[in-house]
Each structure stands twice: as structure tokens, then as C-alpha cells.
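Protein sequence lines, in the order shown, are assigned to chains A and B. To convert, take the position in the first sequence, counting from 1, and add 3; that gives my numbering. Numbering follows my numbering, in which position 120 of the second sequence is assigned residue number 119; successive positions increment by one, without gaps.
Source of the hints: derived by calculation from the structure; they are not laboratory data. One should not assume that every hint holds.
Residues from chain B that face chain A, not an exhaustive set, calculated with beta carbons under 8 Å [to be verified]:
id	residue
1	Leu98
2	Phe101
3	Pro110
Since we're looking at a predicted model, the values are computed, not measured. Glycine included, C-beta positions come from ideal geometry on N, C-alpha and C.
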Amino acid sequence: MFRSYEWMIALRFLKKGKGQTVLIILGIAMGVAVQFFLSSLMSGLQTSLVDRTVGAAPHITVLPADSLPGYVSGAQKASSDSRNPIYSEKTEILSWQQYPEDLKKDGAIKSISPAVNGSGFIERGGVTVPVILKGVTDEGLKLYKIPGNIIAGKAELSGDSALFGKKIADRLSLSAGDKLNLKNERGEQIFVQVNGVFDIGSEAGNGLVFLSLDRARSFLRVGGVSSIEVQVVDVFAADKIAKRYAKGYTRVKFESWQSKNRELLQALSAQSSSTNTILFFVIISISLGIASVLGIAAVQKQRQLGILKAMGTSNVSAAKIFIYQGFALGLLGSFLGVLAGLALGYMFVNFAGVNFGFDFSAGMIITPVILACLASTLASLIPARKAAGLSPIEVIRNG
Amino acid sequence: MVDNVISAKNINKVYGSGKIKAQVLFDINLDVERNSFTALIGPSGSGKSTLLNCLALLDPPTSGSIVIDGKEQAGKDVNSLSKFRNDRIGFVFQFHYLLPEFTALENILIPYNIRHGKAPANIVKEAERLMERIGILGEKHKYQGEMSGGQQQRVSIARALINKPALIFADEPTGNLDTETGGAVLSLMKEINAENNSALVMVTHDRDIALQSDRVVELVNGRIWRSINLKTAGFQGAEKQLENRSCYT
Chain A
4 MFRSYEWMIA LRFLKKGKGQ TVLIILGIAM GVAVQFFLSS LMSGLQTSLV DRTVGAAPHI
64 TVLPADSLPG YVSGAQKASS DSRNPIYSEK TEILSWQQYP EDLKKDGAIK SISPAVNGSG
124 FIERGGVTVP VILKGVTDEG LKLYKIPGNI IAGKAELSGD SALFGKKIAD RLSLSAGDKL
184 NLKNERGEQI FVQVNGVFDI GSEAGNGLVF LSLDRARSFL RVGGVSSIEV QVVDVFAADK
244 IAKRYAKGYT RVKFESWQSK NRELLQALSA QSSSTNTILF FVIISISLGI ASVLGIAAVQ
304 KQRQLGILKA MGTSNVSAAK IFIYQGFALG LLGSFLGVLA GLALGYMFVN FAGVNFGFDF
364 SAGMIITPVI LACLASTLAS LIPARKAAGL SPIEVIRNG
Chain B
0 MVDNVISAKN INKVYGSGKI KAQVLFDINL DVERNSFTAL IGPSGSGKST LLNCLALLDP
60 PTSGSIVIDG KEQAGKDVNS LSKFRNDRIG FVFQFHYLLP EFTALENILI PYNIRHGKAP
120 ANIVKEAERL MERIGILGEK HKYQGEMSGG QQQRVSIARA LINKPALIFA DEPTGNLDTE
180 TGGAVLSLMK EINAENNSAL VMVTHDRDIA LQSDRVVELV NGRIWRSINL KTAGFQGAEK
240 QLENRSCYT
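Construct all of the structure, not just a fragment, from the sequences and the given hints.
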């Protein structure tokens with residue numbers, strides 16, 4: 004293609020019509036820049052929102068088959084529904100060890116942590132505060148990003164130690180090393196020591212109290228575990244993975260974060276739809292611009308096309324001259340557009356004071372480039388058709 | 000035996016359709032010998048350019064047969080005709096029709112490019128030899144707007160010759176040139192035509208140019224009025240026959 008005479012003529016036509024060529028390339032570049040900038044921005048915003056929602060939470064929760072939806076995930080449901088029995092056998096996975104064994108073979112899964120969930124009370128200074136208790140292993144602490152978010156003390160759980168969320172710690176004026184009484188709903192109490200205070204950014208997360216898995220099991224009288232919490236590599240694949248596993252296991256159910264955050268997902272989906280609508284119209288307007296400019300060029304170059312056809316250029320070759328022009332414009336315009344989009348994104352993130360990143364992948368660069376090349380090539384089909392249908396004799400006869 | 004490169008039989012050309020029709024050519028029969036120079040003359044509107052365009056396969060006749068190099072061309076599809084024109088036919092037009100986006104040398108190479116793609120070094124050398132031969136080598140990097148009318152016409156002659164065609168059609172190639180330049184261009188075309196053993200068919204208004212051909216074919220109202228063979232009629236005989244046609248000059 005690039006060594007053909009059609010390509011040579013196409014490039015020369017573009018080179019000689021500099022003004023038109025520059026204008027149309029700028030038009031495509033702007034369209035691609037907007038497309039790239041918007042999709043990167045939206046992706047950054049979505050990634051940030053999703054990260055805040057599930058970055059420090061399980062993506063898939065393995066629950067007993069007949070537990071009520073959402074009940075066990077205490078982090079999201081700050082107040083456990085008192086109508087539901089907490090220690091019922093129905094809310095436990097008794098033979099839980101097989102699940103982590105099975106799940107850890109899956110490359111799509113990042114971390115697996117058994118958990119015991121329940122509620123309790125803390126009495127301090129005459130105040131009784133209800134708390135959500137979570138018994139986890141070290142893996143579970145990592146899942147909730149506790150080690151990186153300790154603001155006092157250390158992220159270690161052993162024996163009678165516990166880690167407190169900032170919200171609870173502030174309310175009870177707790178600091179590392181403090182000892183206090185923790186009661187379960189049966190009124191049984193234990194002494195625990197505040198080993199650390201964490202701040203993981205979310206309201207629900209900072210309302211948690213972490214205990215070691217074994218301590219929580221004995222304190223909350225859970226024979227097995229309440230749930231198995233799983234994080235996956237691709238957050239958005241969680242629902243699909245959960246559904247895949249749900250088919251293979253009957254005694255437990257797999258609940259994805261998506262199924263518990265329908266509203267957030269709907270909002271993200273609406274946002275994506277509106278962005279895609281804008282992008283669609285940007286592409287349409289670019290295509291119309293290219294079709295119109297190349298259409299004018301086809302009329303302007305009638306004389307040249309006529310003489311080329313008299314010398315033996317076929318209809319297909321005449322059409323190719325315009326299709327190649329469309330493609331070249333798309334390629335050049337989109338290349339410049341991506342550079343402009345990157346510059347725009349850099350300026351936006353660094354100077355507009357937004358609190359989310361500018362997230363882009365190779366796909367976000369390649370997609371607008373392919374779309375722009377495709378749109379401009381398709382737009383050039385109109386003048387190409389005109390060029391193909393031109394009769395050399397019309398040009399020769401009319402001078 | 001006569002070696003005809005073109006044999007046209009009963010060529011009719013009608014423009015328009017339905018009630019609005021205009022017949023421009025009526026039952027034209029014409030043979031063109033290889034290695035010959037045929038001049039088509041006639042008053043304006045006599046159909047000489049239309050006949051040239053039909054013979055050059057640019058404008059299909061409404062009816063009739065055009066055999067070139069022993070092969071029937073009438074009725075062939077557009078792409079076959081395009082390929083045939085590129086392979087076998089060279090064109091020189093009154094208005095030169097160079098591509099303004101390309102230099103003189105690049106314009107000359109275009110018929111080769113159409114056929115084979117990018118020209119290799121030996122073909123570029125060949126084009127440069129042609130340019131030298133017709134005295135425009137110094138203009139090889141110039142664009143259309145940077146050359147005189149005569150230089151542009153020489154470029155278009157070189158372009159017509161680059162693929163070594165069997166047939167060269169020229170429609171008033173000297174019409175836009177002054178007498179001296181026109182004469183030089185004509186001599187050049189005749190020389191190269193003889194060297195290449197090709198047939199030159201030229202439309203002209205100029206009786207003096209027509210008298211330099213091997214055969215003058217005169218059209219009036221879309222019909223061949225007469226055909227004068229200069230080899231048999233001689234220059235003076237032909238001049239005498241054409242002198243009462245001073246309106247063509």
C-alpha cells in the first residue's frame with residue numbers, strides 16, 4: 004500500500020493542499036484529544052471511586068448458602084440486623100478449609116482470607132458503644148490494607164490484642180496500649196488490649212474492630228468461619244468469577260461486591276454511557292468534517308483525476324487515492340490528538356486540583372486512534388465514490 | 000500488405016437520450032497504419048475531437064467497432080480500457096494537463112507509476128534521457144507553474160512516450176503555443192514517432208501542420224469528407240486540395 008502510486012498521489016495531494024490538510028488534521032486531533040482525555044478522566048474517576056469502595060474490602064464474599072444477603076459482611080452493614088441470629092449454624096461455614104485450598108489455585112484471585120464476623124459492645128467511662136467485630140488472619144489484615152494505614156501502634160493481632168478503627172478509637176478516646184472490656188451479645192466479656200489504631204479512609208471501615216481469627220471464633224462462638232473474603236486481580240471481573248464458582252458449590256454462595264453496590268455501578272454505568280454518547284457524536288462530527296473537506300478536494304482535483312484516468316488509472320485506484328488520504332489524515336490527526344490529550348490530562352490533574360488520577364491504558368490510546376482512522380477512512384468513501392465515477396472524457400472535453 | 004494499428008468501422012456517436020439527442024459522428028470508417036502520422040482536420044463542431052476520443056478509447060462510440068492491434072475494443076469494460084490505454088496509448092492534449100502537484104520529471108513518470116508502481120533508477124534515467132532529447136532536462140524539478148507553455152507541452156510529450164506506446168493521440172498539441180514553439184514541438188513529435196515506430200493521430204486546425212502528416216482526414220458535419228494521402232497526392236497536390244479550406248487556419 005505505502006509503495007503504491009495511489010499512496011504517492013494521495014500524500015502529494017495532501018501536501019499541496021496544506022491549508023486544508025492542516026485544518027482537517029487539527030479537527031481530528033481535537034476530536035481524538037477530547038475522546039482520549041474524557042475516557043482517561045472517566046476511567047481515573049471510576050478507578051478512584053471503585054478503589055475507595057472496594058480497595059480495602061473483599062471483592063467476593065463466600066457465605067453459607069442460606070445466610071441472608073449482605074448480612075455477614077459487617078463492614079458494609081454497620082448495624083447487624085438484630086432479627087437475625089448471629090451465631091446460628093446457618094450463618095457459619097463449618098468445613099471451610101477446602102474453599103481457600105480450591106480458590107488459591109485460581110490465577111484471577113489475589114488473596115483469600117477466612118473471617119469471623121459479629122457484633123459486640125465496649126464499655127468505657129460509663130459509655131457503651133456497639134462495635135462490629137471481625138476476626139481475621141494476617142492475610143485478612145492485608146486485604147483491609149491495615150498494615151499501611153496504622154496511625155498508632157502496630158498492625159499485629161495475637162491473643163488478647165485488637166486493632167481499632169479510627170472512628171471507634173476517637174469516640175472512646177483510645178490509644179495504643181489501652182485495655183478495655185469487650186462484651187458479646189450473650190453478655191460474656193473479655194479484656195482486650197488496643198494494639199493499634201487504623202484509618203482506612205472509609206466510614207464503615209473505620210468502624211471496625213479486628214481480632215485474631217481464633218480469638219473471634221471463641222469469643223463469638225463460631226465453630227467454623229462466618230465467611231471467606233476474597234480479593235481478585237481485576238475488580239470488575241469479580242461478579243463473573245463469583246458466578247463461575249457459584250455453579251460448582253452448593254453449600255456456600257459467592258457474593259460479589261457488584262451485587263452489593265448496584266447503585267454505584269448504575270451511576271458508573273450512566274456516567275460511561277453519557278461519556279460514550281459524547282464520544283460518539285465527536286466521532287460523527289469528525290467524520291462529517293472529513294467527508295466534507297475531502298468531498299471538496301474531490302471536486303477541486305477533478306481535472307487531475309480526469310487526466311490520471313485518461314492515462315490508465317482505474318476506478319478502484321482513483322477511489323484509493325481518496326481513501327488513502329482519509330486514512331493518512333486519520334493517522335496523523337489521531338497521533339497529534341493523543342499527544343494533545345496527554346498534555347491536557349497532565350495539566351488537568353496537576354493544575355485543576357482534582358483528587359483523582361488520570362488513568363489510561365494502551366487500549367485507551369489505540370481505541371481513539373483506530374476509531375479516528377476508521378472514521379476518516381469511511382468518511383473518505385464519499386469522495387472516493389465520486390472519484391471512481393468520474394469520466395475522464397468529461398474533464399478533457401470541458402478543459 | 001498494409002499494417003493497420005487501428006481499424007474503426009461504422010463509428011457512430013450520439014450524445015443525449017430520449018427526445019434530446021445529438022449525433023456527432025456518422026458511420027465513420029477509418030484505418031490508421033503503424034508508423035504513420037494522420038492529421039484530423041475539419042471546422043469546429045465537425046466531430047474531429049470526438050472521433051479522436053473514441054479512437055483513443057476515452058469516449059465509447061454509440062455503435063461501431065474499434066480494433067486496435069487486432070483486438071476489438073468497443074464494448075470492453077472501463078477497467079480493461081484503462082489498462083489498455085496505459086499499456087498502448089499516449090496522450091498529448093492542447094492544455095497539457097500536467098498534474099500541478101508533481102514536478103516535470105514526476106509527471107513524466109506517472110504513466111509508468113500507474114502500470115508498475117515506483118519507478119526504478121533505470122526508468123528515471125530513461126525519463127531523464129527523454130527530457131534531454133526534447134530539451135527540458137533543466138526543468139526536471141520544476142512544477143507546472145514554473146514552466147512556459149512550450150516546456151509544459153514538451154513534458155506532456157515525454158509523459159506520452161514513457162511507456163513506449165504503439166499509438167499517440169494528440170488533440171491540438173500546438174494550439175496554445177506560438178508558431179515557433181509549435182513548429183519545434185511538432186518536429187519533435189514526428190521524430191520520436193518515427194523512432195518509436197508508433198502511429199500518431201493528431202487533431203489540428205492548422206493546415207500547415209496537417210500538410211506535414213502522411214495522411215489528412217477531413218471531417219465535415221460528423222462525416223469523413225475526404226482523405227488525402229500525402230505520399231500519393233504530394234505536398235503541392237494536398238496543399239491545393241486544402242487551400243479552399245482556409246477557414247481551418
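Status of each hint after checking the structure:
1. Leu98: holds, 5 Å
2. Phe101: Interface hint status for B:Phe101: holds (6 Å vs cutoff 8 Å).
3. Pro110: holds, 5 Å
In the structure shown, no violation is registered for any of the earlier numbered hints.
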